[in-house]
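Colleague: Chain A is fixed; fit chain B onto it per the hints.
Protein chains: 2
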Amino acid sequence: MTVSQIAQSLKPLFDPESIAIIGASNDVMKFGGRPIRYMMEAGFKGRIFPVNPKGGEIQGLTAYEDVRLIPAPVDMAVVSVPAAGVVAQIEACAEAGVKGAVIFSSGFAETSEEGVAWQARLSEIARSAGIRLVGPNCMGMLNVKSHAIGTFSSMFDHGWPRPGNITILSQSGAVGSHTLVLARERGLGVRGWMTTGNECDVDVADCMLFAAEDPATRVIAIYMEGCRQPERLIEALEAARQREKPVVVLKVGASEVGAVAANSHTASLAGADAIFDSVYRQYGAHRVHSLEELLEISAAASAGQFPSGNRLGVATVSGGVGVMACDAAAANGLEVPALPERAQRELKELMPFAAVRNPVDTTAQMLNDIDLLRRNMEVLLEHGEIDATLLFMSSIGYSTHLMPQIKEVLPAVRERFPDALIYFSAMLRAEDKAFFEELKFNCIEDPTRAIEAIGALVRFGRSFARPAAPPPPALPKSARPAPARTLNEVEAGKLLRDAGLPVVESRLAGGADEAVEFATELGFPVVLKVVSAEIQHKSEVGGVRVGLADAVAVVRAHDEIVASVAAKAPGAPVDGIMVAPMVSGGVETILGVHADPVFGPTVMFGLGGIFVEVLRDVTFRVAPFGPDEAHRMIREVQGYPMLEGVRGQPPADIEALAEALSRLSVFAAANRDAVDGIDLNPFLVLEQGQGAVALDALVLAKTG
Amino acid sequence: MTVSQIAQSLKPLFDPESIAIIGASNDVMKFGGRPIRYMMEAGFKGRIFPVNPKGGEIQGLTAYEDVRLIPAPVDMAVVSVPAAGVVAQIEACAEAGVKGAVIFSSGFAETSEEGVAWQARLSEIARSAGIRLVGPNCMGMLNVKSHAIGTFSSMFDHGWPRPGNITILSQSGAVGSHTLVLARERGLGVRGWMTTGNECDVDVADCMLFAAEDPATRVIAIYMEGCRQPERLIEALEAARQREKPVVVLKVGASEVGAVAANSHTASLAGADAIFDSVYRQYGAHRVHSLEELLEISAAASAGQFPSGNRLGVATVSGGVGVMACDAAAANGLEVPALPERAQRELKELMPFAAVRNPVDTTAQMLNDIDLLRRNMEVLLEHGEIDATLLFMSSIGYSTHLMPQIKEVLPAVRERFPDALIYFSAMLRAEDKAFFEELKFNCIEDPTRAIEAIGALVRFGRSFARPAAPPPPALPKSARPAPARTLNEVEAGKLLRDAGLPVVESRLAGGADEAVEFATELGFPVVLKVVSAEIQHKSEVGGVRVGLADAVAVVRAHDEIVASVAAKAPGAPVDGIMVAPMVSGGVETILGVHADPVFGPTVMFGLGGIFVEVLRDVTFRVAPFGPDEAHRMIREVQGYPMLEGVRGQPPADIEALAEALSRLSVFAAANRDAVDGIDLNPFLVLEQGQGAVALDALVLAKTG
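Heads up: the protein sequence lines correspond to chains A and B, in order.
So for the first sequence, the numbering used here puts the first residue at 1; every next one is plus one.
So for the second sequence, the numbering used here puts the first residue at 1; every next one is plus one.
Keep in mind the hints are simulated off the structure, nothing from the lab.
Errors might be hidden in some of the hints.
No copy is singled out in the list; a pair is fine if it fits within one copy or between any two copies.
[Claimed, not checked] With a Cα cut of at most 30 Å, we get these calculated BS3-like pairs of lysine-lysine:
| # | residue 1 | residue 2 |
| --- | --- | --- |
| 1 | K407 | K30 |
| 2 | K30 | K348 |
| 3 | K407 | K348 |
| 4 | K494 | K30 |
A quick note: this is a predicted structure, and the numbers were derived from the prediction, not measured.
Okay, chain A solo, but in the shape it has when bound:
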């Protein structure tokens, strides 16, 4: 299916116009009774068809004995019957041409073998009949605007969310409903809500893709624990990015103890958290670590303003908060530049006692003449050359004297600068907050949090501005598929060289004469190493000699290696003695590939030595990717300055490194079924213009 077909297939679940409730009940406290009651109370304009074997009337509506008897097309069925009966109901739905179903029932893969089988059958029906299934064991869905309610949650007892443009997705029902209630309490505008439960068919990535394509969605807020369709996830993230829809994601399982808890909770759909993290980063999703942040950044993003630069202007009635704002700006990647001279001059004329450099500290003077606030803001917005503004006004909201004046002044500012991104940080009463929000002032009481939100918007803006990545480069013609067995160093080197990777050329010599022959071909000085699948630590058995400058040295080293290995590792099968030219210099790095349980082949990059061993300073990307992405990856490690050259060292050939990472990723992706891991260690990045070279190569087969 294409992206738009997938999105289209989910529309009946997000925007159903006719809903069958299978397992409908007159008891409005029961799961099969609640959605009917809530929809009728909320005024759902579509059609509701209760389904119950007893027929008759349910909550005043005609009930049907079977979903197949409903005399009209059904967009969505809500299934609330015991687990054992679900498969039959879904078969009936498929037969009746129902487009999608939400299955509340638990008792599937999360509890028993029998449940696993039932769930597998559901997946099969979805695949073969094309009906889209949400759940089982989920809390269902909600359409805030149409009041379509496919959930048994009782959260509507105490209020209805404000309609808006945020689509909330959650793999967990409990977290999902909690998030929706939080959103309602904070007044966020919600477009739709979907919880995916056991994900027998529709998963969180499908829903993201729907939201990315959905014209009514502006922001996608997600709670996730793992992912069943990593490619769909990436596709959805990229679709959202291209449509400039911020994705805010609360992914749990970042810590080791969290990952253990997540596994016991979600039956191991968790890949390495670091890989998820790299995926979010690559596609510009904003990862948060608390519910509060999830709500706050989603709310900020829903205004749809994403500055193209990171220059922050600060206007404050407190110099101290100005300093605090500078600290927060630095922590969030924002600049607080000195204002242009003209702006400073005009501000000084307005407010002789003010600090005007930026932060602009108006001092309490402004409170005596509130029109200064208007003029201050106008100078800042007109001549400040800034991308976003923070206005801090302390507890002004409690001043019955000043608030009415501010409510005259700020609308005038907004009228003159309709598109300026302004955060208004002050203690405000609810009605005043609503007033300013109506005027597109973003109100966050705490100035530090306001700046965190601005930081996130700037990062979204940057990500949106990036063109779509070109397709990763193709493998060179010389590339061969990786064989289904583990290779020795010489074979591995050849395989990767053929795939376009710079691995030092090596030969496998069968005797001293051949070693000399190879050394002469490759050029002195050379290195000799024993090659044996059973000898891991070659140096310990005297299996390595370096810096061999001539034929005599090679012969002697060869014979010594053979003798030493025979003595110290008797019986180990020896493939031969590897001969390779000696290379040194450059910056030592490590390139690797490993197979992530979720994302498959994943490329790792780090600097050699203590950077990896002591500091664990590494970064990842899901394969394949192009050189541009490799450049971003390289710049993520702490040790990056080493490559730019420190202590008078020349800059290294970062271009060659990026090229190699990209090629490695393409090779790993093409061989995902055969290769379990690749190591290029050490991988020397030579001086700029001189390329890079791996001194050792290891390729592990999946079936080795």
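Modeller: Showing chain B alone in chain A's frame:
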């Protein structure tokens, strides 16, 4: 003055029983009118004496023409007259025996030369007459319990803070009043409030010391930008720690741009932020970076419970939030251990579908039988072997059905476990929140934030449990004071060796023969280096030779150095040629001392090479300190594992390193007036048991 004398001297300012208002006004909108009006409205039980040259009555009270005419002792004068008149008023106060004064008036050091002089005179009066002065240019003070009001803030127009045990201190009036209003809105219990303004006498550190000694204060919440009395600050932090009073500090100026803003705002009382940070860490103060955190951690600490361990139990109605809690715990230094078998068994019996390992995921089952909540909590608290508990109950607070039941169940739990530290994370209505807080359940809606608070309490507990640091070791008898001139390497090495520091022994040779003589004494192989104050980069002029194995080599090297230096640095005055034994091996580190503008001599520690140069992985301590503190310092750097031994290296002599850092700190402190900086680079930490040695020593004089 002793600690308790200082504290005693501030009592009239925090707890005044009789207050003179100098510049008193009938106009209740004026600064001299407000305090009187607010105190009368709030019911201050002490005596109020308006002072105004016109005499008569002010706001119904007898006004005095001069403070000296007041017929009773005055604890505190509030001074609200123009700057030019302040000195005379304070002189009058001193004469009248007024114990302290709060000076609102601005127009002092922050504005003009004249103001600087006036302010200096105020400092002088305070010193000579013993009257304690707060301000000028400050917003004053508040005593929440007695309703003593020495501030012109109008914040009382919209409410009064709840009395409690948190003392709020702020160098900024605007931030201070903002914080107090935030505290009031969040229902925090406040004991007192003081803003220090220009700090002509009483500074924020004095106030901290008062609060540390004050029986009514349980928590000290501070906003600060810098510090005028660093020793007092340290004294106050240690006094608070010893009395188990948490200090929560919002210090601004962490970023470079923030430091610039702070400087322009506060006339450069900012030392290096990293040094402040190390001081807070050393004395167990909790540094926060936003107002929200300042309030939240202060509120958490005000309950006075500081767990002795870091084991967290989590009970949740949402498995997803359980995972989130694990992530947050890991990020905040808390463990979420598997519960003991007995506890798991008992929980499983209670709730067959629950996850019982920890986090305990009760699932929604608990909501059907709320007594399960009681029994769950009882098992957790009785057999869980945990130090703190997080209970997450989502939007339970909106359930009119369940909330009454929970209000029966949780008090029973509290009764049985009166001292258990329990955080209750749920959406709660204000009255329910108050109900549970009354029962000593700490209510924080967001579970991640609740865990941040628990993490802070655990850190306080750890800090409080640490015994007072023993006095730093004395200098050895051989120690000599640093001379008031910059020393050459040989002299510097000798000076530091005499002070007990392991610096390689070196001699200054006047010719080749002497070089050989010294080399023979010191033992071959040796290193030779030219010594000249004008040659910074010795290698560049051929001024260094290493690995000289015998007399012949030394003579040749000596002559080559002399010739090369003469050719490449003609005219540079040469002290001689340094001879030192060649030492290698060990872990390369860097020890340094620099003079911080606020804290004076400060010791830096980092690992050599890329750790300092690329990663800026260094840590600091204010001198002097003992070996225990040095051990903590050493463990703060990222590269610490290098010292424990990586890649098969043996562990290094960390004991010797700690000893050296401590001795360096003692030497630096003893020579604070003479020494501007010290560098021991490289400082080799040898294998455990073999000590450590600096290969090079640099001592910079202040007047060099």
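Colleague: Evaluate each hint against the coordinates.
Modeller: For each hint, the structure was consulted:
Within a single copy, K407 and K30 get their C-alpha atoms only as close as 48 Å, which misses the 30 Å cut-off; across copies the closest is 25 Å, which meets it. With identical chains, the CA atoms of K30 and K348 are at most 30 Å apart between copies only, with a shortest distance of 27 Å across copies and 67 Å within one. When the C-alpha separation of K407 and K348 is checked against a cutoff of 30 Å, the pair qualifies only within one copy, where the shortest distance is 24 Å, while the shortest distance between copies is 58 Å. Taking the closest pair of Cα atoms, K494 and K30 never come within 30 Å of each other, the shortest separation being 67 Å inside a single copy and 87 Å across copies.
In this structure, the one hint that does not hold is number 4.
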